[in-house]
Structures are given as structure tokens and as C-alpha cells.
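Join these two chains into a complex; the hints should help.
Chains as they are written, first to last, in the numbering used here: chain S, 1 to 226; chain C, 1 to 313.
Derived by calculation from the structure, the hints in this document are not laboratory data. Check before you lean on any hint, since a few could be wrong.
[Said to hold, decoys possible] Taking lysine-lysine pairs in the DSSO-like style, the calculated list, with each CA pair at most 30 Å apart, reads:
(1) S:LYS157 - C:LYS310
(2) S:LYS120 - C:LYS272
(3) C:LYS310 - S:LYS130
(4) S:LYS80 - C:LYS14
(5) S:LYS204 - S:LYS171
(6) S:LYS171 - S:LYS72
(7) C:LYS5 - S:LYS115
(8) C:LYS5 - S:LYS94
(9) S:LYS72 - C:LYS14
(10) C:LYS5 - S:LYS58
(11) C:LYS5 - S:LYS89
(12) S:LYS211 - S:LYS80
Bear in mind that the values here come from a model prediction, so they are computed numbers and not experimental data.
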Amino acid sequence: MILLDRVTKTYNRRGAALERVSLHVEPKEFVIIVGPSGAGKSTLFKLLTREEKPSAGKIIVGGMDYEHLSDKDIPLLRRKIGVVFQDFKLLNNKTVFENVAFALEIAGLSNPEIKHTVPKVLDIVGLKGKEDHYPLELSGGERQRVAIARAVVRQPKILIADEPTGNLDPKHAWDVIKVLEKINQFGTTVLLTTHNQEIVNTLKRRVVTLKDGQVISDRAVGQYKS
Amino acid sequence: MKPHKFITFERILKNGVVGFGRNIWLAIAAIAMMGITLTILLFAVVANATFAHTIDIITDRIDVSVFLKDSVDSGDRAQLIDDLKKVENVESVQYISKDEALKRYRAQNVDNPELLAAISEVDNPLSQEIIVQPIDANNMQPIKDYLEQPAIAELQSDPTSYSGDRKEAIDKIAKATRFFEQAGVVGIVIFALISTLIIFNTIRMAIFNRRDELVIMRLLGASTWYIRGPFVVETILYGLVAAAFSLIICASLFAIASSTLQASSLGLLDIKYSGEYFKDNLWLILVVQLAAGIVIGAVSSIIATRRYLKLNR
Chain S
1 MILLDRVTKT
11 YNRRGAALER
21 VSLHVEPKEF
31 VIIVGPSGAG
41 KSTLFKLLTR
51 EEKPSAGKII
61 VGGMDYEHLS
71 DKDIPLLRRK
81 IGVVFQDFKL
91 LNNKTVFENV
101 AFALEIAGLS
111 NPEIKHTVPK
121 VLDIVGLKGK
131 EDHYPLELSG
141 GERQRVAIAR
151 AVVRQPKILI
161 ADEPTGNLDP
171 KHAWDVIKVL
181 EKINQFGTTV
191 LLTTHNQEIV
201 NTLKRRVVTL
211 KDGQVISDRA
221 VGQYKS
Chain C
1 MKPHKFITFE
11 RILKNGVVGF
21 GRNIWLAIAA
31 IAMMGITLTI
41 LLFAVVANAT
51 FAHTIDIITD
61 RIDVSVFLKD
71 SVDSGDRAQL
81 IDDLKKVENV
91 ESVQYISKDE
101 ALKRYRAQNV
111 DNPELLAAIS
121 EVDNPLSQEI
131 IVQPIDANNM
141 QPIKDYLEQP
151 AIAELQSDPT
161 SYSGDRKEAI
171 DKIAKATRFF
181 EQAGVVGIVI
191 FALISTLIIF
201 NTIRMAIFNR
211 RDELVIMRLL
221 GASTWYIRGP
231 FVVETILYGL
241 VAAAFSLIIC
251 ASLFAIASST
261 LQASSLGLLD
271 IKYSGEYFKD
281 NLWLILVVQL
291 AAGIVIGAVS
301 SIIATRRYLK
311 LNR
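Pulled out of the complex, with its shape left as it was, chain C reads as follows (with noise of 0.2 Å):
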């Protein structure tokens, strides 16, 4: 004969799969429910790291073009480059000499002849440069600081282009980049919240216009899990097939999205990054999700039940 307890855990799973199947119309209103809430959430978040990505576009492209003067030979130089890689929040140091730097120019100006003709390889009068990326565009203060000392800025042709009207735009820019980010991690924060509290009410409204069957449990003397349990086990399978759910439809929509429309990015999100994003996370995005419908599920019905349940009235 099989333990009590075996038989016990049997019967609540059996009856939470009998009753998902005889209640269905309950089921499937509570699953759509959970489902579209899952999947707008899931959209958020693939949004949210979408833009992130698109943040980190614009900050990468944020650089201090260092303007050295002709006389500085190449110890010198060397020595500076050195110096600069060990200064805080200073990603890489990359050297151009005069010859690259008009190649660059000229490529940069190609359409604009008279600009072009203004200047020969006879005589360059553009500086050799040293372009400083920060790892961090909000903290350029150290990299400023270090060019700005008396004996580096003597090698300098030109101020750094981190000066005056330039200066300005970066740190608007940066600022208004780390503003977006942190007011992308709120926004998910607030936006999960929302839809924690939108599942919970469902499953609760579900076990509400079943609450009789609870009572009635009670007054036959079944235990609290006996009685609790099939319900859990009913709403641990609503967030399952919910989260399965608003998974295909994502999945499906990324592939109408990358196969039908042109366009690879509207305004400043990237569709093709959102698409990939999706593909590279799916195993993570798929445990999250059905982690979140189970754990949801489960705490939202033991929670609801809680008030049908109560003995001592």
C-alpha cells in the first residue's frame, strides 16, 4: 500500500489537472489575462534593453580629440599615451598622425570640393591627434583635469575638442543618456509591480467565483492543503500555458516585424537589435517567464484562499 502521504500528494494533483480541465472557460479568461500581461511585460523589458543598446551607441561614439603640437617627436608622444591609458575612466587611447588625419578629412569632405581644394599634402595644416575614450561619459572630469595641467597642455596645438560648445552638448547628452537608463530600470520595476498586482487579482476573482467549493471542503472536514492545493496546482498551469502563451506571440512577432518591415529601427529603437535580443536571451527569458507564472501563480491562489479557509470565526 502506498503512504498516506504519496496518496495525498497524488489526489491534489489530480484533482488540480481534473478541475483546470472541467473549469476551462474560468481557465482560458484567467490565462488570456495572465498571458497578455506577461507578454506586454516582455516587451518592456526587450524595449528597455533595446534602448540601453542604443544609449550605449550614442556614449560610445563620445571622444576627447587631443590636438598635438608638430614639434612633439614620437618619445614624447609615446610617453603621453602611456601616461593617458593609466588616468581614471579612460577606456583606450588611439594615435593619427598628420597624413591619417587628412585622409580622414578628406574622406569626410569628399562631396565638398571646395573645402577639399582649400587644403594640399604639401602643406598639412592639420595637427597629429590622440582621441581618448572614456569609459563613461558622465565622469570626463579626471581625463579633463590630466590634459589640462600646464606641462601636458604645452603639447597641445588646439584645445581638446571636450571644450567650450562641444564640452557642453557631451555632458548634456550624457546626462540625458544616464537619465533614460535609470528611468528605464524604474519603469520596469514599476511596470512588473503592476503586473504582479493584475495576475494576482485575477487568480483571485477565479477562486472567488469558486469559493463555494472551498467552504464547502471545509464543513466535510478536508485539511487545508487538501483543499488549497488542487488550486495551486490549477493556477501553477495558468501561468505555465500563459507564460508559453505570450512567448509565441513575441517570438512571432519578432519574425513578422524582421521579415516584413523595411525599416530596421523606428525613431530610437532598433528593431533588428530587439529581434536578436529576443533570440540570443530566449532560454532566459523563457525560465523567467515561467518561473514568474509559477511563482505568481502559486503565491497569488495561497493567498486567496487564505479567507475561505479560515477556522476560528
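So here's chain S without its partners, still in its complex pose (with noise of 0.2 Å):
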């Protein structure tokens, strides 16, 4: 579903924010990848959304070849996957409503079909009733769920998150877990970075961990430790 070869990248002043990480991942699996900050996680992910290209290795995601991605394909290939972004990025000037319809809309769905699924969606992550809200009136934690309801609406087979819980207090951040494993019983992949040391440990799920750019260790039941 997801594979890393080699995965190098450098940007021009600093060193390598990632040094030949190589990472497979199967359908269906739950990964956490943890570090400290600086450990390169986020521009793993910047890489997996094709907001930056690799220097060197080769990213295959959902049989997309990132090496061969036009710029016509860029959009597709967001398409397929859903993420989940620490800081939200919700659209203010919409409503939770409109936030949610609009991944829906930019794939073609019909206005009956968006009318019948997005509030399916946000009854799923606990928003029933905050439909005409918009996103500057919600809470931290709603806005976040707000942010994977949009991921997760069109079904992707694969869920990128980088920090969902970042910005949280403990209570918001384990429903929005809660719903991430809910996604995955579904059948979705499931790729999430966190540095929250509970999370992880109570979770039990595959961990790999990674440290100056490089991937340190990758346990099937995984701890974190700081």
C-alpha cells in the first residue's frame, strides 16, 4: 500500500532531513511513526503528499509512482489519499458543512450524493448539529474532527495524519484516536505521527521510530519512549 525505498531528502543548507528511509506498509495496517521533533516525520509526510519531492529513493503509494507523477496526476493522487494536517487547514470561510462537501465536490460527486453523505460523516465523529458552524466558532478538538471527517468522507484506502493530536487536551485527543481506529476497523491504512508518549504506548500497534532523519527501530507492538 505504502512503499518507501531509500528515501533521501536534503534541503539545500541544513543536512539530509531524511537519510535513506526505507518502509513498507500493508493494507488494512495501523503504523505510528514517533520522534522528537526534528527527527524529519513531518517531511516524511510532506513527501507522502506530494507537497515535496524526494532527492533521491523512490515513494510507490496505492500503485502511484511518485517519479512519474505529472502535474495532472498530483490532484488525483490527493484524491485517493486522506490526511489529516496538525494544524487543521479547514477552509474559515466555510462552513463545517461546506468543509466536509468540498473534498467531495472536487472529486465530481453529484449534490444529492454530497447532501446524503457528509452528514452520515459528521454524525460518525461527533459533530450532529454543528453542520452551519463555521470552523473559527468550533473548539480545537472539534475543528480536528471536522479536519478528519474531510479526510475520511470519500473513503480513501489509505489516512495519513501528521500530529492530529498535537494541538489537544488529553480528552480531545483520545476521541480523535478513537475515531482513527474506528477508520481502520473500516479497512482503511492507517499512518499516524505523534509524539505523545501515552497514545502510543497504550495503543499497541506497529511503531516505527525514527530519529535524525533515519529509521531507528520498527517493532510490530511498539513502545515510545522519550
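So this is what it looks like as C-alpha cells:
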């Protein structure tokens, strides 16, 4: 489902942000990527969403080889992957409903389909009744759940979440993690980056540890000791 | 089910209109800026047209009087008039008999009894006259050359009015008016360029304010035109409203000016003519204003969104 083969990313002045990182994620897996700040988690994330290109190495996601992506393919790739950002990246001029509907609009779904699907997903993330609110009227946890609803509404095969709990208090953080687990149960491959020790140790999932741009451990039921 | 392309177009339009409403303060700021710029440009165009009109009136008054000897008979005269009409740059030729010349002289000097007393009908000292109206006051040479041919010069009692000090004055006026006409055109072109830049920059700032939206939509996998389209629709709306706004301002200012200003002109600017010019060309002005608003708005937003939509960074 996700394959990284000796991927290196170098920014001009600093050293390598990622160095020869290889990672293989099977379909329906739930993988947590941990590591201190600056370990390369966000770089890895940006490479997967094709915000940035690797300096060397191969990336294949959902059968698409990133090396051969044209400008037209990139939007198509992004529609295949559900993405949750640490800073939510919601459209503040659109309501909760419209934010989630946007993901379906760009995929060209009809209005009746959108009207049918969006409320269901909002219900799953616990935002029923908040459809007409704007993001700035919501709490941090609610905003993050809007972002998750938007990421999963297209039923992607892959969901990547970059520190989705980073801005949240423990209670809301757990709400978000529970939603991710639920989605994983429905068959979506989940890739989660976090540095929340408690969450990692409680989930008992596969844990990949990054440090200084390199994979230093990869365990089926991992622990995180910072 | 509606075809995919149609749904997309419909959504782009709808998102544009909704975005316009939800960013109304940004819209008002941009529209005010565009409206004022378009208004100043429109005033410049009307002022230029009025000025050109004034210049036309001045140059229309430039003509050449040819004074004929009393001995020239009607046959020679008719021949001369016919030939003059064929000379390059001649617009019209008018004949004034001795009697008419006297009548004109009396009318011109009605306040000056001394001059009137010095002249009597019995002994009319004025010559019969041919007045040549040139098409272009800057090109008097062919007329002058024709009139100075020895055979033609022989028929004349005095040098033409286009000689000596008068010639110099006419040449100076003609040269000055040509300069002002050209300066007017150059001024309008420069002004239009500056206006375009101001409007472009206004839209660039408006889009800069909302660049996060563009980047987020990009990350979610929206296609270039699905992101850009609503912004183009919004800026076209800015352009339409700004054009209408500037027309209303101009129309009301001309209406107020014509009803309250007693003086019909301010120096070289004939306000009455300005108002008429505006009214006569209202439809043309409306179409050009709207087209300019739409085109500048659309092009500016396409250029301004480009940098936030780059894929291969």
C-alpha cells in the first residue's frame, strides 16, 4: 500500500532531513511514526502528500509511482489519500458542512450524493448539529474532527494524520484517536505521526521510530520512550 | 444526472458568488479602489475629448483670406474658386463680394463710429474676398504655394491673410494644438496603464489575503480551475460593480455640474460639452467600462493565483 525505498530528502543548507528511509506498510495496517521534533516526521508526511519531492529514492503509494507523476496526476493522487494536518487546514470561510463537502465536490460527486454522505460522516465524528458553524466558532477538538471527517468522507484506502492530537487536550486527543481506530476497522490503512507517549503505549500498534532522519526501530507492537 | 463539466462550472459560479458575499469587506475595499481608479480614468477620457473639441473649434477659425483686385471679373473669379477647391488640404472656399465685405466690416466695428465714418458706400475701399478653409491647419503650405504662383498673385490686391505676423501666429497655434492633441493621447495611454497596474495590485492584495484557502484546496487535491475559478468569478464581480459605481459617480457629477455651475466652461474645458459627450457616448462608455472591469479583473486574478497553485515545488 505504501512503499518507501531508500528515500532521502535534503534541504539546501541544513543536512539531510531524511536519509535512506525505507518503509513498507501493508493494506489495513495502523502504523504510528514517532520521534522527537526534527526527526523527519513532517518531511516524510510532506513527501507522501507530494508537497515536496524526494532528493533520492522511490515512493509508491496505492500503486502510483511518485517519480512519474505529472502535474495533472498530483490532484488525483491527493484525492486518493485522506490527510489530517496538525493545524487542521480548514477553510475558515466555509461552514463545517461545506468543508467536508468540498472533498466530495472536487471529486465531482453529485449534490444528492453529497447531501446524503456528509451528515453521516459528521455523525461518526460526533459533530451532528454543528453543520452550519464556521471553523472559528468551534473548539480545537471539534476542528480536528472536522478535518478528520473531511479526510475520510471519500473513503480513502489510505489515511495519513500528522500530529492530529498535537494541539488538543488529553480528552479530545483520545476522541480523535478513537475515530482513527474506527476508520482503520473499516479497512483504511492509517499512518499516524505523533510524539504523545501515552497514546503510543496504549494503542499497542506497529511503531516506527525516526531519529535524525533515519529509521532507528520498527516494531510490530511498539513502545515509545522519549 | 448532469454531466460532470456542467456540475463543476455551476459549483465554480456558486462558490464565486458565495465567496463574494462572505468576504464582503474585502470586496468593498477592492471595489472602492477599482471604482475610484476607473472614475479618474473616465474623467481623463472625457476631459481629453472635451479638450480635443475645443482645439477643433480653434483650428476651425483658422482660414486664409485672399483679397482680389476690383478688376477681376466673375469669370476669372469662378475659375479661381474652382481651381482652389482642387488644391490639397482645402476644405471649402467661400466668396465675399465688396458689398458683403463692407457689411461685415460695419458689423465688426459697430462700436467704433470713427472707423465707420471713415468709410462710405460710395467709395468702398474693401476688396472682394475669397476665404479658404484648410482641412488641417498644420499643412498650409500647398495653399500658400498655389496662391503665390505669379499668375494667381497678379489677381490679388493685397497679400493673403496667411502672411507676415498673422502667418506666424497661425503656425504657432497650429503647432501648439497638434502638440496638445498628441499629449492628450499619450496621457490617456499612460493613465490607462497606471490604472491597470493599480487594479491588478488591488486584486493581488485581495488574493494574498486569502492565499491559505488556495494552498489548502491544493493540498486536498482540487484541480487548478476548480480553485481559481471562484476567485476569477469574484474579481469579475468586483469589476462589474466598480464599473457601474464609477459610471454612477460620473453621471451624477455631470448632472450636478450642468445644473449648478453657471459658467459653462473652465478655461479650456467646456463643461457643457463634457456633459453632452458623456451622454452621447453613454452606451459605449458603459460597454468599455464593464469590459475593462471584467478583463482586468479576470486576468489579474489568474496571474495573482498562479504562484499559490504551483504543484512541482
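A quick look at each hint next to the structure:
no.	hint	result
1	S:LYS157 - C:LYS310	holds, 26 Å
2	S:LYS120 - C:LYS272	violated, 68 Å
3	C:LYS310 - S:LYS130	violated, 34 Å
4	S:LYS80 - C:LYS14	holds, 25 Å
5	S:LYS204 - S:LYS171	holds, 19 Å
6	S:LYS171 - S:LYS72	violated, 41 Å
7	C:LYS5 - S:LYS115	holds, 19 Å
8	C:LYS5 - S:LYS94	holds, 23 Å
9	S:LYS72 - C:LYS14	holds, 24 Å
10	C:LYS5 - S:LYS58	violated, 35 Å
11	C:LYS5 - S:LYS89	holds, 27 Å
12	S:LYS211 - S:LYS80	holds, 29 Å
Going down the numbered hints, you'll see the structure goes against 2, 3, 6 and 10, while the others check out.
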